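**Student:** Sequence:
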Amino acid sequence: MRTTYRRRRIELAQMLAACSLVPRLAGVAAGLHALVLLPEEMDAEQTLRRAARAGLALRTLTEFRHLATGPQALVVGYGAPADHAFRPALTALARLLDGPE
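Residue numbers (the numbering used here): 1 to 101.
Calculated directly from the structure, the hints in this document are not laboratory data.
Careful: at least some of the hints might be erroneous.
[To be verified] Simulated restraints, written as ranges between beta carbons of each label pair:
id, residue 1, residue 2, range
1, Thr3, Leu67, 34 to 40 Å
2, Ala52, Ser20, 29 to 35 Å
3, Ala13, Ala85, 16 to 22 Å
4, Arg6, Thr69, 15 to 21 Å
5, Ala52, Arg6, 26 to 32 Å
Note that the structure is a prediction, hence the values are computed from the model and not measured.
Glycine included, every Cβ here is placed at the ideal spot set by N, Cα and C.
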């Protein structure tokens with residue numbers, strides 16, 4: 001499983017590097033989630049609603065915060081999707097992060 005999760009983490013990082021808005025990836029040192037730090041002009045809540053319409057189950061970092069301030073970010077779990085669903089989910093995430101509709 002380590003190999004699978006490592007491959008998925010690498011694919012997620014590569015996908016983000018190819019996005020036009022170039023969001024940053026953080027929090028990948030441990031666990032099966034990563035933070036996608038959004039550019040300032042991208043609203044996390046609006047992006048979350050767009051993700052839901054695209055069939056992606058993401059969360060915002062705000063849900064896990066005690067304080068109301070901090071970077072806007074999406075929490076992306078890469079461990080749970082079935083193998084056949086992972087790449088289509090990455091493609092949908094890439095479209096979502098390439099800018100507003």
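**Student:** Indicate, hint by hint, whether the structure satisfies it.
**Tutor:** Results of checking the hints against the structure:
1. Thr3 - Leu67: 34 to 40 Å: 37 Å Cβ-Cβ, so the 34 to 40 Å window holds.
2. Ala52 - Ser20: 29 to 35 Å: Hint violated: Cβ distance 22 Å, outside 29 to 35 Å.
3. Ala13 - Ala85: 16 to 22 Å: 19 Å, holds
4. Arg6 - Thr69: 15 to 21 Å: Violated - the Cβ-Cβ distance for Arg6 and Thr69, about 33 Å, lies outside 15 to 21 Å.
5. Ala52 - Arg6: 26 to 32 Å: Given range 26 to 32 Å: holds, Cβ gap about 28 Å.
Of the numbered hints listed earlier, those contradicted by the structure are 2, 4.
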